[in-house]
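Given only the sequences and the hints, what does the whole structure look like? Please build it.
In full-length UniProt numbering, the protein residues as written are 1 to 139.
Treat the hints with caution; some may be incorrect.
[To be verified] The calculated label-pair distances, taken between Cβ atoms and stated as ranges, are:
1. R2 x T76: 32 to 42 Å
2. Q106 x R126: 42 to 52 Å
3. E91 x Q43: 16 to 26 Å
4. T118 x T92: 33 to 43 Å
5. W119 x E6: 27 to 37 Å
I should point out that these hints are in silico values taken from the structure, not numbers from a laboratory. We put the beta carbon where it would ideally sit given N, CA and C, even for glycine.
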Amino acid sequence: MRKPYEVFEHTADIGIHAFGKTIEELFCHAAQGMESLMVAPEQIRVMTSRQISVEGHDPISLLIAWLNELIFLFDTEYLLFRHFEIEAITETQVIGRADGEPYDRQRHDLSSAIKAVTWHEASIIRTNDGYQARVIFDL
1 MRKPYEVFEH
11 TADIGIHAFG
21 KTIEELFCHA
31 AQGMESLMVA
41 PEQIRVMTSR
51 QISVEGHDPI
61 SLLIAWLNEL
71 IFLFDTEYLL
81 FRHFEIEAIT
91 ETQVIGRADG
101 EPYDRQRHDL
111 SSAIKAVTWH
121 EASIIRTNDG
131 YQARVIFDL
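In structure tokens, the structure reads:
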């Protein structure tokens, strides 16, 4: 059984390879991988939910917009997320939900702050098992 995502080092940044049987699962696993770079998932309780809707012009721009919106919610509302669901996805829009809780320095070990998702080497490919994405984050 393949992991839903794996982390890799990249010069001064860090990245993930995310995997999914469907494009929806891929987006959820990419979000889980990114959030795990900030705080271990087991430290995050599901106490609040946010509806997320982003637009793009192709699958990779949608993925980058989706992940950047999660970063924006951390930067503005200090929200950490553990569970993700894609409710609808088209060629130009993703609508989903993220569940988690506000950052609490007493309980959460914040390992790194992510500034943004980069376009550098960003990709989504179709595989025999579904989809694979490569994303690098600016720390």
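(request) Could you tell me which of the hints above the structure violates, numbers in ascending order? (result) The structure breaks hints 3, 4, 5; every other hint is satisfied.
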